Amino acid sequence: MFWQLSHELEVNVPASEAWELYGRLGLAKLLVEDGSIFEKIEVIEGDGRIGTILKKAYTPGSHGFSVQREKFTKYDNEKCMKELEVIEGGYLDLGLTVFHVRFKIIEKDNDLCIIKSTIEYDVKEESVANTLYVTNDIVAKIAKVAKNYLIKNNATKNAA
Numbered sequence: 001m002f003w004q005l006s007h008e009l010e011v012n013v014p015a016s017e018a019w020e021l022y023g024r025l026g027l028a029k030l031l032v033e034d035g036s037i038f039e040k041i042e043v044i045e046g047d048g049r050i051g052t053i054l055k056k057a058y059t060p061g062s063h064g065f066s067v068q069r070e071k072f073t074k075y076d077n078e079k080c081m082k083e084l085e086v087i088e089g090g091y092l093d094l095g096l097t098v099f100h101v102r103f104k105i106i107e108k109d110n111d112l113c114i115i116k117s118t119i120e121y122d123v124k125e126e127s128v129a130n131t132l133y134v135t136n137d138i139v140a141k142i143a144k145v146a147k148n149y150l151i152k153n154n155a156t157k158n159a160a
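Under the working numbering, the residues of the sequence shown are numbered 1 to 160, in order.
Since the hints were derived computationally from the structure, they do not count as laboratory data.
Keep in mind it's a predicted model, so treat the numbers as computed, not measured.
Glycine included, C-beta positions come from ideal geometry on N, C-alpha and C.
Hints may contain errors.
[What the hints assert, rightly or not] Listed next, with one range per pair, are the computed distances between beta-carbon atoms:
1. D47 x L132: 33 to 39 Å
2. N110 x P60: 39 to 45 Å
3. E126 x N12: 44 to 50 Å
4. E45 x N12: 32 to 38 Å
5. F2 x N148: 30 to 36 Å
[What the hints assert, rightly or not] Straight-line alpha carbon distances no greater than 25 Å define the calculated SDA-like cross-link-like pairs of lysine to any residue that follow:
6. K40 x G89
7. K55 x K74
8. K147 x G89
9. K147 x I41
10. K71 x D47
11. K141 x E88
12. K152 x I37
13. K141 x M81
Work out the full structure: start from the sequences and follow the hints.
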């Protein structure tokens with residue numbers, strides 16, 4: 001059984017600024033500093049592009065599991081899009097056979113963009129009950145942390 005969820009968040013900054021944060025590993029550091037989702041994110045290999053592997057430790061009590069490994073499988077600088085796949089632990093321990101997340105920055109105008117996050121997953125029939133743990137909450141929190149940072153950073157830049 002294949003499922004899909006998506007989340008969109010408007011941000012009053014140029015798409016290029018949002019992609020600069022999402023396109024590499026700056027977002028990982030920001031998420032650890034925030035501490036509401038991840039306690040630790042370790043870069044096993046790579047620079048944020050295809051082939052990058054991350055080990056993410058969730059903040060205790062923030063999710064139904066503690067650690068997962070992810071690999072970036074798609075990266076398109078022109079389309080401001082990257083995709084990751086959980087390759088170990090996390091959602092796979094809940095009986096999901098595939099768990100992908102796609103982040104895309106969509107330009108609306110010069111000073112407005114949308115952070116679009118799409119989750120795609122497949123689950124073994126005997127584990128369908130565990131799909132209750134799959135929500136937009138994490139990607140929504142990630143987008144909100146990114147938005148707050150981008151707006152603050154943009155305001156500081158404009159004040160200078």
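Is the hinted pair K71 and D47 satisfied, with a Cα-Cα distance of at most 25 Å?
Status holds; Cα separation ~11 Å.
Against the 25 Å threshold, does the CA-CA distance of K147 and I41 hold or violate the hint?
Roughly 20 Å separates the two Cα atoms, so the pair holds.
ask   = D47 and L132, beta-carbon distance inside 33 to 39 Å?
value = 35 Å, holds
- Could you see if the CB distance from E126 to N12 stays within 44 to 50 Å? At roughly 45 Å between Cβ atoms, N12 and E126 fall inside 44 to 50 Å, so the hint holds.
Check your understanding: Does E88 lie within 25 Å of K141 when you go C-alpha to C-alpha?
Key -> 22 Å, holds
message = Just to be sure I understand the hint, the distance between the Cβ atoms of E45 and N12 should be within 32 to 38 Å; is that true here?
response = 35 Å, holds
- Query: Given the proposed pairing of K40 with G89, does the C-alpha separation stay at or below 25 Å?
  - Reply: 15 Å, holds
Would you mind confirming whether the straight-line C-alpha gap from K152 to I37 stays at or under 25 Å? 20 Å, holds
request  = Using the beta carbons of F2 and N148, state whether their distance is inside 30 to 36 Å or not.
outcome  = 33 Å, holds
Does 39 to 45 Å hold as the CB distance between N110 and P60, or does it fail? 42 Å, holds
Going straight from one Cα to the other, do K147 and G89 come out at no more than 25 Å?
Since the Cα atoms of K147 and G89 sit roughly 28 Å apart, the hinted pair is violated (cutoff 25 Å).
message = Given the hinted pair K55 and K74, is their Cα-Cα distance within 25 Å?
response = With Cα atoms ~18 Å apart, K55 and K74 stay inside 25 Å; holds.
The earlier numbered hint that this structure contradicts is number 8, and it is the only one.
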